[in-house]
Amino acid sequence: MYIIIIGGGRVGYYLLKALLKEEHEVLVIEKDARVCKTITDELGSVCTRGDGCEAATLAEVGTGRADMLVAVTGDDEDNLVACQVAKHKHNVPRTIARIRNPQNAPFFKKLGVDVTVNTTDIIIEVIEHEVPTHPVTELFTLEEQGLIIVDVKITEESNTAGKMVKDLSLPKESKLALIIPHEGGTHVPAAQTTLQVGDQIIAITPSQYKEELEKALGGV
Amino acid sequence: MKVVIMGCGRVGARLASLLDEDGHQVTVLDNDTYSFRRLPPSFSGTALYGNGTDEETLKKAGIEDADVFVALTQGDNRNVMSCQIAKHVFKVPRVVCRIYDPLREEMYNALGLETLSPTKIFAQMLREKIEGEG
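Here the protein sequences line up with chains A and B, keeping their order. Numbered by my numbering, the letters in the first sequence go through residues 3 to 222 in order. Numbered by my numbering, the letters in the second sequence go through residues 1369 to 1502 in order.
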C-alpha cells in the first residue's frame, strides 16, 4: 500500500517506522527542513519537505496513486485541509486525521474525512478505566449504528446494588449484555438477577444515552 | 443583520467597525485580546475572546442565529475549517472565507464555499494599475 503521512512530528515519525516495518510504501511530508533531514538521515528518502495542505506538494509526491493519507500534525485545521485536498484533488480513497479537540470528530466526518483519531479521548478513556471511582467506561463505539459498549462498575455508592435487573429503569434501546461478578466468571443477566457490589456490567446503549445509563446503573 | 467575524486583525477590525456603523449587530472573535485594541472607541458590537474553530466559542458568539459569518484570521486552514463548520453545521446563510493561497482558494470555491483570495485580487489590481499607466 502507498501511504502518505502529513507531519513528521513524534506521531508521524513512529507511524512511519511502524508502517515501513510492515513493508508499505510510505512517505512523510514535513514543513520543517531540519525535522525532514533528521528523518531522511535515519530512514532514507522517505521524507519530503513541503506543505501537505498544498495540492501542488501532494501532486509532486504522486498522491493520485496513494491508497491512504494520514494527517498527524499538531493542528486540527491543518489535518482537516490536508485530508480534504487529498480527497477532492487527488481522489485518495481513505483519509485519516488526528484531532486534538474531541468536539471536532463529528465535524470532520461531516466534512469528508473517513476516520478521525482523537488522542485526547484515547488518553481520557485509559485514565477513566484506571480510576476506580469512575463507574462507566466506554469500551467500544459502533459508529454506524450510533451505539457504544460500556463497562459499568457497581460500587458501594450505587443505589442499584441489591436490585434486580427487571427493576432497573434503563434508557431506551439499552441492554445489559454480561455480568462479571467480583469473584470472577461471567453470566448473562436475566430479569431476576440481583446486582451486587463489585459486579462489572457490560452494556450496550445508544451513545446519546450514556449518561442516563450511568444514572440507571451507577445511581450516582 | 447579525454578523460574526472571526479574526480581529486590520481587516477584521475595520470590517467590524464599518458594519457596526451601518447599524448591523456585529460580534468579532479573536484568540488574542490584544487584537481588540484595533476596534475604534465608537464600536458598539461585541468583542469576544476565543478560538473560532471551537464549537463552544462559535455558539457563544451567536453563530446559531447569525446571518453572516466571515473568517479573517491569518491561517488559511483555520478560516477554511471554521467556515465549513459555520456553513455545514450551523447552516449560516452566508459564509465568506479569506484564503491567501490561490490554489486552495480555487479548490474550496469549487467545493461550494464563498471564498476570496487577497493574493489573487491584489496581484490582479497591481497588474492593472501598472499596465494601465504603462
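Quick caveat, the hints were computed from the structure, so don't treat them as lab data. Small disclaimer: the values here were computed from a predicted structure and weren't measured. There could be a bad hint or two in this list.
Capping the alpha-carbon separation at 27 Å, the derived lysine-lysine pairs in DSSO-like fashion look like this [said to hold, decoys possible]:
hint : chain 1 : residue 1 : chain 2 : residue 2
1    : B       : Lys1427   : A       : Lys111
2    : A       : Lys89     : B       : Lys1428
3    : A       : Lys39     : A       : Lys23
4    : A       : Lys111    : B       : Lys1497
5    : B       : Lys1497   : A       : Lys112
6    : A       : Lys111    : B       : Lys1459
7    : A       : Lys33     : B       : Lys1459
8    : B       : Lys1428   : A       : Lys91
9    : A       : Lys89     : B       : Lys1370
10   : B       : Lys1428   : A       : Lys212
11   : A       : Lys174    : B       : Lys1497
12   : A       : Lys89     : A       : Lys111
13   : A       : Lys91     : B       : Lys1455
Status of each hint after checking the structure:
| no. | hint | verdict |
| --- | --- | --- |
| 1 | B:Lys1427 <-> A:Lys111 | holds, 20 Å |
| 2 | A:Lys89 <-> B:Lys1428 | violated, 32 Å |
| 3 | A:Lys39 <-> A:Lys23 | holds, 20 Å |
| 4 | A:Lys111 <-> B:Lys1497 | violated, 45 Å |
| 5 | B:Lys1497 <-> A:Lys112 | violated, 43 Å |
| 6 | A:Lys111 <-> B:Lys1459 | holds, 16 Å |
| 7 | A:Lys33 <-> B:Lys1459 | violated, 34 Å |
| 8 | B:Lys1428 <-> A:Lys91 | violated, 34 Å |
| 9 | A:Lys89 <-> B:Lys1370 | violated, 34 Å |
| 10 | B:Lys1428 <-> A:Lys212 | holds, 26 Å |
| 11 | A:Lys174 <-> B:Lys1497 | violated, 68 Å |
| 12 | A:Lys89 <-> A:Lys111 | holds, 13 Å |
| 13 | A:Lys91 <-> B:Lys1455 | holds, 21 Å |
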